[in-house]
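Fit chain B to the given chain A structure using the hints.
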Amino acid sequence: MARAASFGELRFDRISRSFGTVDALRDVTLTIRKGEFIALLGPSGCGKSTTLNILAGLLPATGGGIWLDERRIDTLRPEERGFGMVFQNYALFPHMNVRRNIGFGLAMRHVSRAEIARRTQEAIALVRLEGHADKLPGQLSGGQQQRVAIARAIVIEPPLVLMDEPLSNLDAKLRLEMRAEIRRIHMSLGATTIYVTHDQEEALSLADRIVVMQAGDVRQVGTPDDLYARPASLDVAEFMGFRNRLSGEIVESDGAGASVRVGAALLRGVAASPLAKGARATLVMRTADLAPAPPDASTVPAIVTAGEFRGDGFVCSGASESGAELWFTSPTRLAIGEAVHLRIDPARARLYPADGA
Amino acid sequence: MAIASSTRAPFDRVTLLAAPAVLILCALFLYPFVYGLWLSFAPAAGGALANYHKFFADPFLYGTIATTLWLALPVTILNLVLAVPVAMRVRLMHSQRLLTTILVLPITLGVVLIAQGLLTYLGPQGWFNRALMTLGLVSHPVRLVHDYWGVFLSLFITGFPFTFLLTLSHVSGIDPALEQAAATLGANARQRFFRVILPLLAPGLAIAFCLSFVQAFSVFPSAILLGAPAGPTRVISIAAYQAAFEDFDYSMASAIAMIMGGVQLAIIAAVLGLRGLAYRGPAGGGKG
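Line order of the protein sequences matches chains A and B. For the first sequence, my numbering assigns the number 395 to the initial residue and increments by one for each residue that follows. For the second sequence, my numbering assigns the number 2 to the initial residue and increments by one for each residue that follows.
None of these hints come from the bench; they were simulated from the model. Honestly, I wouldn't trust all of these hints.
As the list claims (entries may be wrong) - The calculated label-pair distances, taken between Cβ atoms and stated as ranges, are:
1) A:T425 to B:V105: 47 to 57 Å
2) B:P142 to A:R507: 53 to 63 Å
3) B:A270 to A:E595: 55 to 65 Å
To be verified - Computed, partial: chain A to chain B, Cβ under 7 Å:
4) A450
5) L452
6) P472
7) M479
8) F487
9) P488
10) F498
11) G499
Since this is a predicted model, take the numbers as computed values, not measurements. We put the CB at the ideal spot given by N, CA and C, even for glycine.
Here chain A stands alone, though its shape is the one from the complex (with noise of 0.2 Å):
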C-alpha cells in the first residue's frame, strides 16, 4: 500500500466550540507533525470528541481556524477533507459486503475498477480478513467490524486517519488484541493518526504524543513517558494514576524537590514547580509508590479498611489520620482495622501548589 499523502504539520489555531451558553471548547491550540500518532486523553465531556469532529469537518467550530501547511480546512465540507474517520460504533454500511464497504471511499474518488479491486484486496490483508470479504458486517464479530471499518479509513491514504474511542464497543481481550493492531497498522502506514481515548493506558501504549484535555482546555501536551511521570497539574496527575493525595505545609523546598508537613509527617515529593516556604501544597502519588513501613518521622499512620488480592501482591485502602482515603500496595494480606505505617517513594510522589492556591 503506497505512503500516506504528504503534509508538513496540521494546526488548531485557537479552535473553540459552544453549545449554547456552554463552551466546549476553548481557544485549543495544537501542532501535529506528520507521521505523529496523537491520543487525545481525558475524561467523557472534557471537549475531546468535539475536537476530533471539528477536525473531521461534522461539527463547526464556533471559533478559530485549523489548517493543513498553508491550506485553511476548517471551512470545508467533510467530503471535500479526505480523511479516514473510524468511528465509534464502526458506522459499516450494513447492507454492503466487506468488499464494498471497504472500497466505497475508493469509488467515490472515481478511482479505476480494476485499482478499487487490487487496493481493497491488500486493505482486507492488512486486517487479515481475506475469507470475510464477502460478508455483510451483521454477520462480522465486532473485532472484525473494528478492522473493516479501519481497512475502509485508511485505503484512500488519507493525510489524516482520525478514531474515536474505537475500542470501547469490545471487550477486554479484544481491546488488548485491536490495539496492537492499530499500532502494527500505524507502523506498517506511518500515517498520521488522532486517536481520542478516556483509557490512559490505551493513550500510553500507542501514542507518540498525548493531549491532556479537560473542561474543554487542553491541559498538557507530552510524550507518554513525561505525561507518566511528570504531569504538569494536580488535574491531569489525578488523571494519570496519582490516586493518593495529602495536603500539608511547605516546610523546605530545594532544588531536588520539597519537604511537606503532614500531621506529624515530614513528606518529601519532587515539586511540579516551585514552592514557596510555607505555602499549602498537595503531595500525590500512585498506589505502587506507597507500601507498609517501619514506623518513623516519614511515615504516615492510616487504618486499613479493605485489601484486594492482584495475584502478585495486595492493593489495600486504609484512612489516614486526617481522614483522606489511601491507596497502597502490600506484599503480604493485611487484616482490616489493622494500624499500618505508610512510606512514600520520595522520588516518584509529586507536589503541586493546593487546589484554590
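Positioned in the frame of chain A, the structure of chain B alone reads:
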C-alpha cells in the same frame, strides 16, 4: 439427547387466549370475504363466471381499473417522493413533535370534511382561483373540482400524513453515523442519499407504498364529491356501488369487489417482490 429437536412443542393452553381475536376475525373479515367470493360466482343469470365475463367485456366497467390506477399510483408515488425529503429534514429538527403534529392533522379531519373544504376552496369562486385571477396568472377560473385534479389533491392531502409518518419511522431508524461515515469517505450529499440512505430505506418505502396505495385505490367519497363520477374519476369503487345500490345486483357488486382486491393484490405482490431484492437487515452501523 432425549429432547430431539424434531419433537413438537407441547400444546400451550395460553394459546387459547387468542381464540376471541380469531373468532372476531373470522366473523368480521373471513366470513364476509368468503361469502362475497361465493356470491360473485352466483350471478342472477348465466354461468358461474358470468359476472366476470360481463365486467371484462364492458369498457365502461373494466375501464374503471385503469381510471383508479391512474389516480392511485401517481398520488402514492408523489406522496412517497415528497415524504422522504421532508422526513429526512424533520429527523434533524428539534421541534420535531410540533411539525409532526401539524403534518398529521389532516388525518384527523376525515375525508369528507377535506372534500367539502376543497370544493369551496378550489371551486370557480373559491380563493384559489380568485387569487390566480387577481394575480393575472389566468383569465378564466381553472377547472379543479369535478375533475381529476380535485380528487388527486384530496387524495394527496389525506394520504400524505400517513405516508410521511411511515417514512419518518424508517428514516429515523437509520444511524446518522452512516451518513457521516460516507461523508468522510468523500461522498457528497447526493451520493450519500443514493448509495447509503436509499438502499437502507427501500424496504420501508416498499411497505409505505403498499399501505398508501391500498388507501388511495379504495378512494370513494372524494371521487364522488370532488370528482366527475361519470367521467374521469369513475373509479372501481363507484362501479361496485352502482352495481349494488342502483342495479341491486349484489352478485355483480361482489365480483367487482373481488376484482378490485385482485388488482390491489397484484400491485402489492409486485412491490413486495421487488422489495425482496433489497437489503433487509438492521439499518444500524454498529454491533447489534
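Taking the hints in turn, this is what the structure says about them:
1. A:T425 to B:V105: 47 to 57 Å: holds (53 Å)
2. B:P142 to A:R507: 53 to 63 Å: The hinted range 53 to 63 Å holds for P142 (chain B) and R507 (chain A), with Cβ atoms some 58 Å apart.
3. B:A270 to A:E595: 55 to 65 Å: holds (58 Å)
4. A450: Where the cut-off is 7 Å and the nearest Cβ of chain B is about 6 Å from A450 (chain A), the hint holds.
5. L452: At 5 Å from the nearest chain B Cβ, L452 (chain A) passes the 7 Å test, so the hint holds.
6. P472: holds (4 Å)
7. M479: holds (4 Å)
8. F487: holds (6 Å)
9. P488: With a closest approach of 5 Å, the P488 (chain A) hint holds.
10. F498: Result: holds, 5 Å to nearest chain B Cβ.
11. G499: holds (4 Å)
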